[in-house]
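Asker: Residues per chain, in single letters:
Protein chains: 2
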Amino acid sequence: MVKWIGLVALAGMLWSAPACAEDGYDLWLRYRASPATAAQAAVATGVVRDERDPTIDLAAAELARGLSGLTGRSVGESAIGDGSVVIGTPRSPRIAALRLPLEGLGREGYVLRSATIDGRRVTVVAANAPVGVLYGSFRLLRTLQTGSSIAALNVRDRPKLDLRLLNHWDNPDRYVERGYAGRSLWDWQKLPGFADPRYTEYARANASVGINGTVLNNVNASADMLTPAFLPKIETLAGIFRPWGIKVYLSARFSAPIEVGGLKTADPLDPQVAAWWKAKADEIYARIPDFGGFLVKANSEGQPGPGDYHRSHAEGANMLAAALKPHGGVVMWRAFVYASEKPEDRVRQAYSEFAPLDGKFADNVIVQVKNGAIDFQPREPFHQLFGAMPRTPLMMEVQITKEYLGFATHLAYLGTMWEEVLKSDTYRPRAGTTVADTLERPVRPGAPTGIAGVANIGTDRNWSGSQFDQANWYAFGRLAWDPQGSAGEIARDWAAMTWSPDPAVVAPVTAMMLRSREAVVDYMMPLGLNHLFATGHHYGPGPWVNDLAREDWNPTYFHKADRSGIGFDRTRTGSDAVSQYAPALTRTWGDPKRVPEKLLLWFHHVSWDRRMESGRTLWEELVAHYDHGVAEVAAMQEQWAALEGKVDPQRFAEVTQFLAIQRGEAQWWRDASIAYFAEVSGRPLPAGTVPPPQPLAYYKAIRTPYAPGNGK
Amino acid sequence: MVKWIGLVALAGMLWSAPACAEDGYDLWLRYRASPATAAQAAVATGVVRDERDPTIDLAAAELARGLSGLTGRSVGESAIGDGSVVIGTPRSPRIAALRLPLEGLGREGYVLRSATIDGRRVTVVAANAPVGVLYGSFRLLRTLQTGSSIAALNVRDRPKLDLRLLNHWDNPDRYVERGYAGRSLWDWQKLPGFADPRYTEYARANASVGINGTVLNNVNASADMLTPAFLPKIETLAGIFRPWGIKVYLSARFSAPIEVGGLKTADPLDPQVAAWWKAKADEIYARIPDFGGFLVKANSEGQPGPGDYHRSHAEGANMLAAALKPHGGVVMWRAFVYASEKPEDRVRQAYSEFAPLDGKFADNVIVQVKNGAIDFQPREPFHQLFGAMPRTPLMMEVQITKEYLGFATHLAYLGTMWEEVLKSDTYRPRAGTTVADTLERPVRPGAPTGIAGVANIGTDRNWSGSQFDQANWYAFGRLAWDPQGSAGEIARDWAAMTWSPDPAVVAPVTAMMLRSREAVVDYMMPLGLNHLFATGHHYGPGPWVNDLAREDWNPTYFHKADRSGIGFDRTRTGSDAVSQYAPALTRTWGDPKRVPEKLLLWFHHVSWDRRMESGRTLWEELVAHYDHGVAEVAAMQEQWAALEGKVDPQRFAEVTQFLAIQRGEAQWWRDASIAYFAEVSGRPLPAGTVPPPQPLAYYKAIRTPYAPGNGK
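If you read the protein sequences in the order shown, they are chains G and W. Each residue of the first sequence is one higher than the one before, counting from -18 in my numbering. Each residue of the second sequence is one higher than the one before, counting from -18 in my numbering.
Hints may be right or wrong, so weigh each one.
[To be verified] Straight-line Cα separation of at most 30 Å, BS3-like style, residue types lysine-lysine; simulated pairs:
| # | chain 1 | residue 1 | chain 2 | residue 2 |
| --- | --- | --- | --- | --- |
| 1 | G | 681 | W | 245 |
| 2 | W | 259 | W | 214 |
| 3 | W | 214 | G | 681 |
| 4 | W | 681 | G | 214 |
[Unchecked claim] Among the chain G residues that face chain W by a calculated CB cut under 8 Å, a handful are:
| # | residue |
| --- | --- |
| 5 | 169 |
| 6 | 638 |
| 7 | 641 |
Simulated from the structure, these hints should not be mistaken for lab results. All C-beta atoms, glycine included, are put in the ideal place defined by N, C-alpha and C.
When you get a sec, could you build the whole thing from the sequences and use the hints?
Answerer: What follows is the structure, given as structure tokens:
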């Protein structure tokens, strides 16, 4: 009898899925049942839709998957009844009859509404287009995942930016520049023949946070990506991404007409060059009718560009834009330029070069500006171009991958960093105009808006190299959707979805996240210091480095420490970069007494003995920040340790080990930096300071040639 | 009420594992219940052991995991009863009392026996040492996984070779030379702080097939692997692998004393050099007391070696061996050498250089010889060194990664290829002495024996780049354990464990595997042709290539086709490499009438018009083989398609897509090769042959610069 039952049960198990460890692969879409979520999700009894559409199919399947997971029972598509989740566009008569306020929501916005249809209490997910239905479905699931009720829903939302893009710095050999999460997801060797299921999961995760485009390849681009050998592969990816509302873009190498086109020049004013790009665009669109466009890094760090032919960035961008225009594509032209020929302060150069071009770009060009003027440092003031080109669409570029914030092993939630930039007041055209505002407001009706994040995604099982780095992918998507969003709220949502909606988990996880970025600033580069990294890979401290080919690659260029003081004078007595900001900011930030201390050494060279708000000297304050940064990591370790048993063991162990690595590396940063600045300043350590355990020479001698992500 | 039950059920689910797709991660250790396996496994009620030992802990846990999976119910450790699986060594009184025939089984052998203990019917897994218990436990599980009964067990087994090693061609930056499965598993950046759970899974999978050692780094070695920066990382891996019976080895760069030791020379007879290596060995063993030893590629393809100082391979190897000797380590010295200065046939050179050194090596040196004299081609005759150095331990090196058999996407089961070599008669010292025999018989009592396989493992979720390439890892382990084993039986076991024990699955999967390697030979390089690959990456055909720096890198060197004929004359009228074999073979293989046709062009240059056994001319026969190879892939596609619904959908789809890629590439090989040989021979296509769809120039123009694995 026992045997017989066993066999019957087994017959049903044959194709059942096996147990599988919590390894982070599921991201924030785990859909695990918990008492909190199940109680809320229990009201959902089935999914109802009238429309057949690939994207609505995905929305319905996602709701079925999510509701089944969250309730712990099978919830599928069904006929309408009490508790149904009814999804669709006004093409569905049931949706149309509700006369929901869909106007002004565009294709991507949605309405979530508790309603009654034919006497049944239902939850409606409605939108003008299928992709809005998909976004609304993910929003509904998020509501449940975070333990909220859907019993009296009334949500109306739309994204505030048009282009919400990932930029992959992925090379065709699958090396990822500044990648700390394995190799490129794009398996070019097996494409187009093999459609790795992971491509679908990637698109799904992006769609769940509203990301609607992806630049597949590195801005340090290979022209080979534009060749017939690659286009069918790219077409396959585009086809997989399309129903998830995600367009494909490519980084275009400006000299491609020479390298793969057989021309003698890439001069943007040469008719043959323009014709080559036009034909190339036509070739791409024949395969990918919704191709998004090109991203271009030109005349920057050795990349080719219109400057090679004495043409302006506008001339270069507009030529490409003309090729894309008939197809509806855009050119995203990066403003990250600095030239070794010019002795000008590197912080000034993008503004100097681009601000005069305001109004000169074609209407399907958008200039892509990094959040700050250096390069994704742990803290930078917002880029002075935001608000400074009122006739030119600007999009912001942030770096999700943590090139400068500890690679994959340091816990550093970037939501707060981006929020700091987005909420910065540009004073342009007037006080109260934040960076987010400048991004959201089209410079003319129909002009594109957008944001791009340099992806932290690779083949690692957990996607981003660590469990907590998933939060940065997530937060980027959420802030791209709503740049006014709260980093704290986003962290809470992520923690609930990714770890557990149990408040005993959400609260400490969120607290760790919210303190984490400032901890990195403190143990790496407090008080406005920046770019003090070891050469090339940027792994570990290198404030002493002074031997690089370009002056403005050297840490000593950035901190300018000597016996008397430290900091980069960017006031009128120095480079005067501060004058590139609006006058109100020039006055505040240009005044060492009024500038926030966290930006002090960015704008000012000051004495080691300067008295700080705390009453300490600058030297004492600097050391205190380093110590505080290390202490913060220790505090995060304690917070995490208390979660043992409240989160699954595999991810718990991984985070525990990563925090220990971070602790050790924070200590390394602190010790090496203090040893160095003590020598440069000629000052003794402040009383009570624990001396670095090794002499400065020890830290200088550390070599880590195999640190990942170093550009090739 | 419903709600209340729901919440109670949910409370239990909170930490339960979610469903997870069948993606190949579980390898042949899936332990899924099926009627066939469950019926056999049902007799096992619990696991009993008396000993506390890390390895016996693993054996007990593995049995619990396996039996639970195979029966579909929870089977754990328990007190003895009917159906217990009792495991241990004679240190356990219950085991000792059984007086099992453990003599002669060494540390690694085991006995499986159905027995009665205290009146209970039990199954016993016994061994002299814990690692034997572990191997025996995996053997017991295999018996159940393949649907066999354990009701009347009487198995006694031990491995026939001492060293059963994987060689990882992994660089410190995680690039894998000739790797088609992602990056190196060894995450040096995060080691030693992060012990990726995958390291444990890797060790477990190896232990399950009896692999007992791993060379962590590429034979084209970086000296950095021997530095204090890496040794703690290696120590961590060794600690994880140890309880699984796996020792760690390193590839040693011969010039390390210069590169990381600060010496001016690496001359093996220089006392400072010897002292440096001795100190280095001491340093390693202080961290890893059971470190296995060094693998060395010396004076081969640009690697440094004793020849740089006019010393012999024996002098180089013996110097290293002296450093390892006090600790019990071995030196594995590769015989894969060929020098561009010498115009000698590349096939001859290893024998010419090594055979005279017989008897000159220290007793902890073992010479590692590839299965054939060229380089892991789809078919080679066995290496003439096997049996030719009776006073020198030789181990065989095979390549599990498919550098020359279609990378990850071609289904090519290598078990049959290795079996062909292992069962080849060396006629040394007399007829009937197979290569396997020469490997198994120690050249003196206590002399080491062994085999090494160049790993096909990487970070890809399925470990080996494809589902079917897992079979090659598996088959290597099984043949390393028993070189007399049957590739067909091994394929059947793997198919049952990996896909399903259902005979309706096992039979066609096994049939596909057993025909697959000959299919590759046919569509790439039939009749003894070899090394006709595109340059560098070896992806795709390049029989026309004739522009490489070294003559013996060029395909034209290997096939020597011209108007009159094709093939490499290795008889007395040519290079006379055939005389390096035993006289009986020299006679047979040296005679174009007696040599097996599958080796014809390896040993002979013959006319296109030569009449073959089939009655066809050689030219017709060659074309027929190419066509047959493509047809075989089509046949595999058909066999696989019929399995839809019998295997899980994700893996089914992946294999389906890979077979389609293989079909396309087989066609490419066939078309390009026929187009080329038609032109070289000046002959029309045989009647009825489908002409290549493109002219030869088309195939010659194909460039695939990003094909993976190309050496850096």
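Asker: Hint by hint, say whether it matches the structure.
Answerer: Structure-based check of each hint:
Of the pairs offered as hints, the one joining residue 681 of chain G and residue 245 of chain W holds, with about 25 Å between alpha carbons and a cut-off of 30 Å not exceeded. For the suggested pair residue 259 of chain W and residue 214 of chain W, the alpha carbons sit about 21 Å apart, so the restraint of at most 30 Å is met. Only pairs whose Cα atoms come within 30 Å are accepted, and residue 214 of chain W paired with residue 681 of chain G is accepted, the gap being roughly 22 Å. For the hint linking residue 681 of chain W to residue 214 of chain G, the alpha-carbon distance of about 22 Å falls within 30 Å, and the restraint holds.
For residue 169 of chain G, the suggested interface contact is upheld, since its CB lies about 6 Å from the closest CB of chain W, less than 8 Å. Hint status for residue 638 of chain G: holds, given a least beta-carbon distance of 5 Å to chain W, under 8 Å. Interface restraint check for residue 641 of chain G: the shortest CB-CB distance to chain W comes to about 6 Å, inside 8 Å, so the restraint holds.
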